[in-house]
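Participant: Sequences listed follow chains A, B, C and D, in order.
Sequence positions in the first sequence follow my numbering and run 1 to 344.
Sequence positions in the second sequence follow my numbering and run 345 to 688.
Sequence positions in the third sequence follow my numbering and run 689 to 1032.
Sequence positions in the fourth sequence follow my numbering and run 1033 to 1376.
It should be emphasised that the hints constitute simulated quantities derived from the structure, not laboratory data.
Among these hints, one or two may not hold up.
[Unchecked claim] Restricting the straight-line Cα-Cα distance to at most 25 Å, the calculated cross-link-like pairs of lysine to any residue (SDA-like) are:
{"#": "1", "chain 1": "D", "residue 1": "1344", "chain 2": "C", "residue 2": "1027"}
{"#": "2", "chain 1": "A", "residue 1": "312", "chain 2": "A", "residue 2": "327"}
{"#": "3", "chain 1": "A", "residue 1": "312", "chain 2": "B", "residue 2": "659"}
{"#": "4", "chain 1": "C", "residue 1": "1000", "chain 2": "C", "residue 2": "1012"}
{"#": "5", "chain 1": "D", "residue 1": "1344", "chain 2": "C", "residue 2": "1004"}
{"#": "6", "chain 1": "D", "residue 1": "1344", "chain 2": "D", "residue 2": "1203"}
{"#": "7", "chain 1": "D", "residue 1": "1344", "chain 2": "C", "residue 2": "1017"}
{"#": "8", "chain 1": "A", "residue 1": "312", "chain 2": "A", "residue 2": "333"}
Only a predicted model underlies this, so the values are computations on that prediction, with no experimental measurement involved.
Number of protein chains: 4
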Amino acid sequence: MRIGILTGGGDAPGLNAAIRAVARRAWVDGHEVMGVHNGWAGLVEPGGVQPLDAHQVSGVLAVGGTMLGTSRVNPVSDPAAMAAVQRHFQEAGLDALVAMGGDDTLSVAKALADRDLAVVGVPKTMDNDLHGTEYCIGFDSAVAIVTEALDRLHTTAAAHHRVMVVEVMGRDTGWVAMMGGLAGGADMIVIPEFPMGLDAIVAHLRRRRERGRDFSIVVVAEGASVAGVTGEPAADGPRDAFGHILLSRRGVGPQLADRIEVETGFETRVTVLGYTQRGGAPTAYDRIWATRVGAAAYDLVVDSGFGLIPVKRGDGVAVTELATVVQEQRRVPEELYRLGQVFY
Amino acid sequence: MRIGILTGGGDAPGLNAAIRAVARRAWVDGHEVMGVHNGWAGLVEPGGVQPLDAHQVSGVLAVGGTMLGTSRVNPVSDPAAMAAVQRHFQEAGLDALVAMGGDDTLSVAKALADRDLAVVGVPKTMDNDLHGTEYCIGFDSAVAIVTEALDRLHTTAAAHHRVMVVEVMGRDTGWVAMMGGLAGGADMIVIPEFPMGLDAIVAHLRRRRERGRDFSIVVVAEGASVAGVTGEPAADGPRDAFGHILLSRRGVGPQLADRIEVETGFETRVTVLGYTQRGGAPTAYDRIWATRVGAAAYDLVVDSGFGLIPVKRGDGVAVTELATVVQEQRRVPEELYRLGQVFY
Amino acid sequence: MRIGILTGGGDAPGLNAAIRAVARRAWVDGHEVMGVHNGWAGLVEPGGVQPLDAHQVSGVLAVGGTMLGTSRVNPVSDPAAMAAVQRHFQEAGLDALVAMGGDDTLSVAKALADRDLAVVGVPKTMDNDLHGTEYCIGFDSAVAIVTEALDRLHTTAAAHHRVMVVEVMGRDTGWVAMMGGLAGGADMIVIPEFPMGLDAIVAHLRRRRERGRDFSIVVVAEGASVAGVTGEPAADGPRDAFGHILLSRRGVGPQLADRIEVETGFETRVTVLGYTQRGGAPTAYDRIWATRVGAAAYDLVVDSGFGLIPVKRGDGVAVTELATVVQEQRRVPEELYRLGQVFY
Amino acid sequence: MRIGILTGGGDAPGLNAAIRAVARRAWVDGHEVMGVHNGWAGLVEPGGVQPLDAHQVSGVLAVGGTMLGTSRVNPVSDPAAMAAVQRHFQEAGLDALVAMGGDDTLSVAKALADRDLAVVGVPKTMDNDLHGTEYCIGFDSAVAIVTEALDRLHTTAAAHHRVMVVEVMGRDTGWVAMMGGLAGGADMIVIPEFPMGLDAIVAHLRRRRERGRDFSIVVVAEGASVAGVTGEPAADGPRDAFGHILLSRRGVGPQLADRIEVETGFETRVTVLGYTQRGGAPTAYDRIWATRVGAAAYDLVVDSGFGLIPVKRGDGVAVTELATVVQEQRRVPEELYRLGQVFY
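This is chain A alone, in the form it adopts within the complex (with noise of 0.2 Å):
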């Protein structure tokens, strides 16, 4: 049997963990495996699927990022670059693929398994918003991260009395918010399934003041919503060479602090964690559920269960169908909002 293997949407600590899973579980069964290059390119373009051997694998659990590379190429709405792929998928001689990625990514696979291609899918997002699993490979990594810049930025903070105001990674989700600012014990916690004004948010700085409080940490998801407060760029903001406008891949945290300190007078400071947050070495449980997803999914390849996605459920893994996952976005719920309420 020939086993392929891609990496799709941004890279994720854990992701070399969990091709080495599928990598490992096969060659002991005496099958070959082929890396894709670059995501859904590596099936579009020719040329984008290679070889893997043992010694490329070894040493990859502790290293970010993908071996394999990626891209955030999506053939599924031009049928030219579909066909290519079925092409491509037919003359590199899979005889099954392992796609890993986001809801992108997997939306893919899934169309790619009802044109009845050998595909199953590994759950990887740093948002963490897949429905369906509790686990998605990167999440616990940023989570990590963004707690330790969050004690990090205590100590400042701390020091010269100011409002923090951290944006962390989330378009449409919190988790990474909302469990990074439980961990990182954030004074306020803002996210897009939950908006909330400015005035509530200054409101709230205030009370911290009059209780004495001299600093405080408001951690906002990048894509949250705050009434008041926009992250779009200006429509009259600086535009490039070719006039278009830039700086446009800008969150709402640099104008959420601005506003906080006009209308607070309190010294107010931002930082973005941007790419920081994907890097690095995974953690060691993002590399132990990372194997288990990745071994799981080279079971299902075995089994043809193609179509399906393994997912950590409980203390195990259990499989679901790839359209489960794409249908919906998990939300942070309201139980677990709450609680880091009480902590304000």
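Put chains B, C and D on the given structure of chain A with help from the hints.
Facilitator: The following block gives chains B, C and D in isolation, referenced to the frame of chain A:
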């Protein structure tokens, strides 16, 4: 309401997060919180119950150990001591007690609940072997430390082409060795649940050398049983001034390393991780779940759920009986053990 | 003797180690120690001088920030403020003051010493640009954090074949960028001491791509000057409710990233490390040398070496004049800058 | 020119940075670089010299150990071995050799230079005890690891009111214990340079207890001499199948802990940091200075400065004779030792 909090047995990273969660929830509702110092010793002896205030729990989220102190005092089999506990409980005016600990501490909690004291539990053990819960405070941090140590030992083992034996926590069960070994890329994992002969270990290390792997990492739980090797001190070993055999806290690691070197002729070294596994800042995961089970323990107190204990089930917190978690030890299942062997 | 301690300017990891060193040395000799709160503000305003006791400095060695608080208040050019400082100094009964800070804080210390106040200094600046000393408190920790961030960003840059621009501290000098870039394997380092045109940067990145390096890390000091790029907010940029231009604390990084992407067509991202560079536990090196210069500052106090400051020279501590360290900024020498270029 | 690089003795974090620096400098100038594998064994035995290419040194900056492997083989006293080294040096066509190591490795380098082989040195030893240099590769990383371990052990020692004895590297000198103990807040530091009786240690621990400090951390260098305690295995201790006394690599720590417990009655535990002190990613400081001395060693090669070695002096790199650095061990000075005692 006046609520006491107690931590017993070995200290574990995350205990302070759980203490903080109980206390903050209680204060928000207007209750009074008391710290019981040094585990059950704080109730066996007079004077061990002191008020806890908000200032004390500020900043403890990131701090390992337990701010309340701990001990291994266990009054269960001593009627006078049990009577003292009940008397000091009443004299301190406690309306309820949250006891955080492993099976030793929680068996006392259960015995007191059986005598109608208002006691709830919180699961804590770095060994992760409490029955009926997917999470015990401290385990994720222990695994993280073991993983980091294995990452470090890999480079030195590789540079010197050595066998490195790493002894980790686990007298009765092998959770830390299993999960740490999986995350740290151990080439062999030896745990109490699956006894193994020295011959099998030696044969495996020789096979690796024949395949060109010129170094190996063997992770062994301190309580693992290896036929042909014993962790007990020799009867003719060194003794102290009073004639007691010393060095008796040693696990199986050092002797296993010596035996491997003698049998294989491969240069072999041993590292006993020891108390470093207990220490330092808890991982984000431990802070989050310690907070969640701590908050849930407060809910039990308010709902008069005495004799009960919050446990992790999947993505949430469930409740079970103290009697359940102490009835037997949770052991590493065969499926997980076999997964580890794929990576040898 | 009653000795005051003050920390001014930005906070830095290691300040608490220096405070502890002064205090412990003083207590051993039977002196009294006072903490001056929030930098020079604690002497400009009344009530800012409080006793320091042994309990307070216990455990602070590993804690970042400054336990005394800090501010950027600088009374030098305000005669009334200087008079207030002198008055509160006397009212607090101080026999000597140890002032820890960078050139701003130390220039006040010098001005007070010139007026015969008993003041000695301790060198602190994460920018590492004080003249006449090989060590400033906080610098090693800043470099360590930048290095760790670069390690993290490497994996994500590699996975996505991106250019990653990393903006680090350094308004006037490039020490953090230079040393962090060297340790973190930067592919290009841009610092204020050696201005560079956008053209040169773009040409270098293109050459790397031609040589098959499909990602690059560019480290840029916030204050670096790049011809063709400006870190200043556009005059027509967003303004606050009062018409002030906001987001004005931004360095050159984001615009440099935008310009690189436009010019090269390579996918380019920016990370601004910001306040995370200040925070968290000091490195071992910072704790050791902060302790050594702190202890030496106490020796100066005892020896009436007012107007002086201990500095690192080779393996030991020497003494120089406050006037010397503030007279000019220490700049990255060309030899070091050229060494970095070998690794591009 | 064809330049060989060799690493000998124990591995140390930072060696790869030094290898990379020599190689990159050489490649920029158009020279060829060869790796000598496994220390002097790679020249005593045939086949140990292999080409090094740019791909191999990519990414090694952050990796501990040594990519060239190492050994403790020392040919100096064996004329046949020395002849073999010279022969293989010539057969490999080496024009020069950069030998990185401690006094053992460098004494071979010196002996070869004395025989007119083109050899320069690079100072490497985690013990930091080479004469004539303020920096040896690996020392800063060792101190960082010891400091981190002490931070961790503080919380568990405090929770249990224990004495914790921590044995660290240092057979002949106490640099790691001294600096690690200073940075980690040790309550007592015991090093070879300043022998101490068990009585003095016990008396100090009792005084601390009387002052209300209910836990203590004692850092001891493995080679420290404590009157009344011996780290040597007992003559009647356990033996292997061949009758050899085993466990003989043990330092003074475990027995010191046993003796303290017996003498004081305080609960006492021991942690032997062992090989974890060698491992893992080098600190930023080690990467920077390993790069600087590595680059300077290349300069020596180009300038035919054979028999010489670059050393750190103050903020820069100086050059001295190999004969100088191996002539005697650098010892912890009394002034530094006394500074540590202030913090007991």
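Participant: Decide, hint by hint, whether the structure agrees.
Facilitator: Cross-check of the supplied hints:
With a C-alpha separation of about 16 Å, the suggested pair residue 1344 of chain D and residue 1027 of chain C falls inside the 25 Å cut-off, and the hint holds. Pair hint residue 312 of chain A plus residue 327 of chain A holds up; C-alpha atoms about 17 Å apart against a cutoff of 25 Å. In summary, the hint linking residue 312 of chain A to residue 659 of chain B is supported, as the alpha carbons are separated by about 10 Å, within the 25 Å threshold. Among the hinted pairs, residue 1000 of chain C with residue 1012 of chain C is consistent with the structure: their alpha-carbon atoms are about 14 Å apart, no more than 25 Å.
Between the alpha carbons of residue 1344 of chain D and residue 1004 of chain C the distance comes to roughly 13 Å, so the proposed pair stays at or under 25 Å and holds. A distance of roughly 23 Å separates the Cα atoms of residue 1344 of chain D and residue 1203 of chain D; the hinted pair therefore holds under the 25 Å criterion. Proximity of residue 1344 of chain D to residue 1017 of chain C is assessed by CA-CA distance (about 23 Å); at most 25 Å being required, the pair is judged to hold. Taking the CA atoms of residue 312 of chain A and residue 333 of chain A, the gap is near 18 Å; set against the 25 Å cutoff, the hint holds.
The structure fails none of the hints (numbered hints given earlier).
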